[in-house]
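Asks: Listed in order, the protein sequences are those of chains A and B.
No gaps in the numbering here: position 230 of the first sequence is 230 in the working numbering, and each next residue is one more.
Take the position in the second sequence, starting the count at 1, then add 1000; the result is the number in the working numbering.
These are computed hints drawn from the structure, not numbers from a lab.
Accuracy of the hints is not assured; some may be wrong.
[What the hints assert, rightly or not] Taking lysine-lysine and the DSSO-like style, the derived pairs with C-alpha atoms no more than 27 Å apart in a straight line are:
{"no.": "1", "chain 1": "B", "residue 1": "Lys1164", "chain 2": "A", "residue 2": "Lys334"}
{"no.": "2", "chain 1": "A", "residue 1": "Lys158", "chain 2": "B", "residue 2": "Lys1690"}
{"no.": "3", "chain 1": "A", "residue 1": "Lys273", "chain 2": "B", "residue 2": "Lys1843"}
{"no.": "4", "chain 1": "A", "residue 1": "Lys154", "chain 2": "B", "residue 2": "Lys1683"}
{"no.": "5", "chain 1": "A", "residue 1": "Lys33", "chain 2": "B", "residue 2": "Lys1618"}
{"no.": "6", "chain 1": "B", "residue 1": "Lys1617", "chain 2": "A", "residue 2": "Lys13"}
{"no.": "7", "chain 1": "B", "residue 1": "Lys1033", "chain 2": "A", "residue 2": "Lys373"}
{"no.": "8", "chain 1": "B", "residue 1": "Lys1683", "chain 2": "A", "residue 2": "Lys158"}
{"no.": "9", "chain 1": "B", "residue 1": "Lys1583", "chain 2": "A", "residue 2": "Lys33"}
{"no.": "10", "chain 1": "B", "residue 1": "Lys1844", "chain 2": "A", "residue 2": "Lys334"}
{"no.": "11", "chain 1": "B", "residue 1": "Lys1864", "chain 2": "A", "residue 2": "Lys13"}
{"no.": "12", "chain 1": "B", "residue 1": "Lys1868", "chain 2": "A", "residue 2": "Lys31"}
{"no.": "13", "chain 1": "A", "residue 1": "Lys131", "chain 2": "B", "residue 2": "Lys1690"}
{"no.": "14", "chain 1": "A", "residue 1": "Lys273", "chain 2": "B", "residue 2": "Lys1859"}
{"no.": "15", "chain 1": "A", "residue 1": "Lys10", "chain 2": "B", "residue 2": "Lys1844"}
{"no.": "16", "chain 1": "B", "residue 1": "Lys1859", "chain 2": "A", "residue 2": "Lys10"}
{"no.": "17", "chain 1": "A", "residue 1": "Lys99", "chain 2": "B", "residue 2": "Lys1162"}
{"no.": "18", "chain 1": "A", "residue 1": "Lys31", "chain 2": "B", "residue 2": "Lys1618"}
{"no.": "19", "chain 1": "B", "residue 1": "Lys1583", "chain 2": "A", "residue 2": "Lys20"}
{"no.": "20", "chain 1": "B", "residue 1": "Lys1864", "chain 2": "A", "residue 2": "Lys33"}
{"no.": "21", "chain 1": "A", "residue 1": "Lys203", "chain 2": "A", "residue 2": "Lys131"}
[Stated by the list, open to error] Covered by chain B, according to a simulated footprint, are these stretches of chain A (three or more residues, beta-carbon under 8 Å):
{"no.": "22", "stretch": "55-65"}
{"no.": "23", "stretch": "287-301"}
[Claimed, not checked] With the C-beta cut set under 8 Å, the calculated list includes, among others, these residues of chain A facing chain B:
{"no.": "24", "residue": "Glu18"}
{"no.": "25", "residue": "Val23"}
{"no.": "26", "residue": "Glu42"}
{"no.": "27", "residue": "Met47"}
{"no.": "28", "residue": "Ala50"}
{"no.": "29", "residue": "Thr304"}
{"no.": "30", "residue": "Ser350"}
From the three backbone atoms N, C-alpha and C, an ideal C-beta is built for every residue, glycine too.
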Amino acid sequence: MSIYAEYANKIPKRVIDEVKDGVPESISESKLKKILDECVREYESSMVEAGEAVGLVSAESIGEPGTQMTLNTFHFAGVAEMNVTMGLPRVIEILDGRKSLTTPMMEIYLKKPYSKGENIRKLALAIKGTKLRDVASEFSIDMAENAIRVLLDKEKMKEIELTESSIGKSVQKSIKAYNVKLEDGMLALKSKSKEITLNELYKMKEKIKSMHLAGVKGVTQVLPVRREEEYIIITAGSNLKDVLEMEEVDATRTTTNDIFEIESVLGIEAARKAIIDEVFKVIESQGLNVDVRHIMLVADTMCTSGSVRGITRYGIVSQKSSVLARASFETPIKHIINASLIGEVDYLTSVVENVMINQPVPIGTGLPKLRMKKQNEN
Amino acid sequence: MEEEKPVNEEEKKEAVAEKKQERIEPQEEYVYKQVKSIVFSVLSPKLIKKMASAKIVTPELYDREGYPVDGGLMDIRLGVIDPGLRCKTCGSKLKECIGHFGYIELARPIIHVNFVPVILSLLRSTCRDCGRILVPKNKNDKLIDDLNKVEEESGLEERRKKIKTIISGMNTINKCPHCKARQQKITLDKPTTFVENERRISPIDVRSRLEKIPDDDLALFGLNPASVRPEWMVLTVMPIPPVTMRPSITLESGERSEDDLTHKLGDIVRINQRLFENINAGAPEIIIEDLWDLLQYHITTFFDNSLPQLPPARHRSGQPLKTISERIKSKDGRIRHNLAGKRTNFSARTVISPDPMLELNEVGVPREIAMKMTVPERVTSWNTEFLKKFIQNGAEIYPGANYIVRPDGKKKKITDETKETALEELQPGYIVERHLMDGDVAIFNRQPSLHRMSMMCHRVKVLPGRTLRLNSAVCNPYNADFDGDEMNLHIPQTEEARAEAEILMEVQTQLISPRYGLSVIGCVQDAISGNYTLTKDMSVSRQEAVELLSAVGVTNFTRLPKRDSISGKEVFSVLIPEDFSFKDEHAVISDGKLMEGVMDRNLLGEGSGLLLRTIHKKYGKDFTIDFLGKVFRLGIEVLFRTGFSTGISDTDLPEAGKLDIKRVLDEAYEEVTKLIEMYENNKLDTFPGKTLRETLELRILEVLNKARNKTGETVADRANQKSHTMIMAKSGARGNLLNLAQMAACVGQQAMRGKRIENGFSNRTLSAFKKGDLSPEARGFIRDGFKSGLTPAEFFFGSMTGRDSLMDTALRTPKSGYLYRRLANAMQDLRSEYDGTVRDASKKIVQFAYGEDGIDVSKSENGKINVKRIIGSVIG
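Produce the complete structure using the sequences and hints provided.
Replies: As structure tokens, this is what we get:
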């Protein structure tokens, strides 16, 4: 189909694809051309005009429905799903660029035999991170011998397929100052140094409770779910890097809702896409209609510097070139002082500074300038 | 005032053209200068003295006659705040003189609080003997290169961070690489005392050490020697802000009340004077030290009175003084309140009320307002007579005028006395400020102005009454209702402003939302119910049809079929253009005739469906706005004729229906009891990842919700389908079937945080229940409907969730407001450029094409190009 190729540079691919799908097979060349020409005309007439304050429009488009979003998390009765932050708090969390999420979550897609449900439970359990606390039934301190005793729960160990010796080994590996021994179903940690206070012992006891033994670190809950003909695993807690390294996992589709993890594992472009998807998901789930372009623009401003920056005074706003624009947001004194130290010059290229000194803003109708030759009067 | 005084660099020396005195030539204020940039720097002692027009030597303010003392803080060389006085520096009167700085000579150097962190890092990383930076010479250049690279790559903020790490690295060096002197550890005793080896470094020493640092070493600290020398951060002279920025107010009793800053400055000058005297008298060191510290305190609090380590300086009444930092900071500070926030004249505000007979782009203005708000109109030889009529009427009779403005800018009020002279002198070039009239442009606004449709341009329609009137179809974009809402009206005063308002802001130009590319204006409430009733199965006589249509504003009835009985669909079709065809899942329109479908919210409502969008695309904005107005009025007219009201009897159910509902609920209760039994006997299968108890709760919730939905269905089936409540719910005008079911049958489970009501007492929700009761009624299931009435416990549970949702709204508003402010602040200077890219203020590219394809959402159809429509139009 060479006709389509002709138009490839004139209209977005999506439109061409839609035309391809929409026209009947038998369409004549001239009619198809007419349709495509009409598309070009339509496309060109709906382009943004130069000078349009696209940023502000996007901010409005996301900010305005924000008032209509619910604050609390609602999850629907009876549906066995993970409890995820939704609504306004989630949007704030994403746009803030917060490093730690309230509910990190992964959706793990699996490769062929596993995605059909083979060994799904076992696989899920293998992904779930196990801590010492999960397989122990009791922790105690033996003051006489300066030792910590951990009573292991056989049943739970069996479920996760851990043996006493393997637990002992991995405990020993991470704790050098103690000798780990197995004593009939009990793990005994004995201090190597004689002089150890009770306080230190107690701290150590608390520390080993959350020691990582098996599975993927950081994953606290797993939930195998059937989604459209295939099984996937939803997890609470996220560790994209380790999960992607697993053989059973389909690395092309597996995702997390932790944007920083995506950034460090997959790069900034992926992080941008993740921001768009996550924000869009929330807005959609609230039944609101916001065009993706607005979310894209927000994601792009967050990512242009090469790393994800939140929309806060420490993030994007601190990157602005204008002193007054920064000062008008938050902590004005700090910005003015720092500016005076390096003799910063504000060239008044953005909006607020010009508002402050009563000059037209360089946006929209304030953009074009008129130049006129001065006529000699006499 | 402060150390970083903005210095304006005016450019462009286009002088105003000299004008010849023919008649009275216009003397407008041409803006011929433009601020190109603002430079920030630290004031040097030299500059402070240079820019000062007075040296302040005495803390006294006024002499016995109440005249400002020379050399006092209110010295008239610093500007005037009293009417009648003239400024001694510039000779101008009150309001003309912008004020002038003064200065005081400090007896001993004082550290400026805001620079303390900088001073500390300077002291720590320079040699205490030779003043050189504690970096070997060869490394210095390399570090600077690194810094420049960092700045180039990731901006100023990153550079600052890098500098911080470099400086913290220098703290550990204890030998100067230049003169080999040993370095001591320097700590900061907050807020302003520097301590070296437990010995205090006096500000004199601090200053002398800072003086020793050579210019070349400053770059590493991120200081620019051209704009700041480190020793300037220790004050030896202090600028006194002009009186115009700290005006005193005269109280009713005739007493003067001075500004906070003046109070503070008075303290500073007094202590400074005392310190001078003591030093000259050779007082003991302790006394001098004490006074010095006191002076330091006063100057510190003069700059910043909210430091955590210092007790804030207070008024006599005990409330803390508002000094310089507090004046600039925060929402009510200078920057956000006065500089970024502007006020305007020519604006009005009152309560709003609806008027469906107005066009969508009109606003009804009370005559009282119309007579106060004026439009300047320039007199030309063509409109002199027209404008004279207004002057004739004067300010008191309605279409009148309040002022005339002479070409030289003199403004004259029109009164009965001045009327005659005004009429005589009126000639082309004059401006008449006439009353607001029908058809004038006005900008209408409702706060919170969350999107650009919150400010739209309307045409004025002067009406009797005392409220601003608007068509209720435009409530949606403003998010307005009439429960006491107030709105603002602004009258643009220049031709440019009027043109922009008309072309860019008028209601019809804002029809398509830039948020989702569909119409933001649609029919609401009665207009939907009316059109629904009309197009559902109504039929009217020809006469009635003509009456209806003419009430709506249609004058051409040729499109009505020539029959006696006309269906509602045919009446509606008269409004649709003859060549319009449309098809979607809700309706079919072919060649201007509504063939199938009923006009409901899905078709006419705001932000839903492509019907309105398609009409807009095909026939343009002006037609659409007219069409919407007509459809709106048609709906209301229909209801006007048929009558429309709801009552509690609308929710009446036949006996069989009530039994049905009882049966459904009884079954659900039984099932829940079974579930609880299974739970108690540990027979319940747990959901993965959930505890037994959580599983039970989920199962119960599921059962109860199912039951409630079933009752809803019963109600939908059994209730009177013709009742007006039902019509509203079905058409989407107001309410939904769930609301109806809640009234007629069962309110349902009250859930908090997605769970049933949890225990508030020990092991029970309310003291009326048994402990450990897990049954539906003890956990917030409301079995009754609103009509039959709730039991006390049910009512209590209902109010719990009610309160919860109130709290939710109260907490959400400020949160989303802050998010919005941050977004707007971060993105306000992004714009699309002529080359199609999106760039920020420093021309950095953010997107190569807006939204990846460059399509403006407000020109799209729900964010897309409607390919289907194009194909349809070509193929036919």
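Asks: For each hint, tell me whether it holds in the structure or not.
Replies: Consistency of the hints with the structure:
no., hint, verdict
1, Lys1164/B / Lys334/A, "holds (15 Å)"
2, Lys158/A / Lys1690/B, "holds (20 Å)"
3, Lys273/A / Lys1843/B, "holds (23 Å)"
4, Lys154/A / Lys1683/B, "holds (24 Å)"
5, Lys33/A / Lys1618/B, "holds (21 Å)"
6, Lys1617/B / Lys13/A, "holds (23 Å)"
7, Lys1033/B / Lys373/A, "holds (16 Å)"
8, Lys1683/B / Lys158/A, "holds (23 Å)"
9, Lys1583/B / Lys33/A, "holds (24 Å)"
10, Lys1844/B / Lys334/A, "holds (25 Å)"
11, Lys1864/B / Lys13/A, "holds (12 Å)"
12, Lys1868/B / Lys31/A, "holds (14 Å)"
13, Lys131/A / Lys1690/B, "holds (19 Å)"
14, Lys273/A / Lys1859/B, "holds (25 Å)"
15, Lys10/A / Lys1844/B, "holds (26 Å)"
16, Lys1859/B / Lys10/A, "holds (18 Å)"
17, Lys99/A / Lys1162/B, "holds (21 Å)"
18, Lys31/A / Lys1618/B, "holds (21 Å)"
19, Lys1583/B / Lys20/A, "holds (21 Å)"
20, Lys1864/B / Lys33/A, "holds (20 Å)"
21, Lys203/A / Lys131/A, "holds (17 Å)"
22, 55-65, "holds (count 11)"
23, 287-301, "holds (count 11)"
24, Glu18, "holds (4 Å)"
25, Val23, "holds (6 Å)"
26, Glu42, "holds (5 Å)"
27, Met47, "holds (5 Å)"
28, Ala50, "holds (4 Å)"
29, Thr304, "holds (5 Å)"
30, Ser350, "holds (3 Å)"
Violated hints for the displayed structure: none, as all numbered hints are satisfied.
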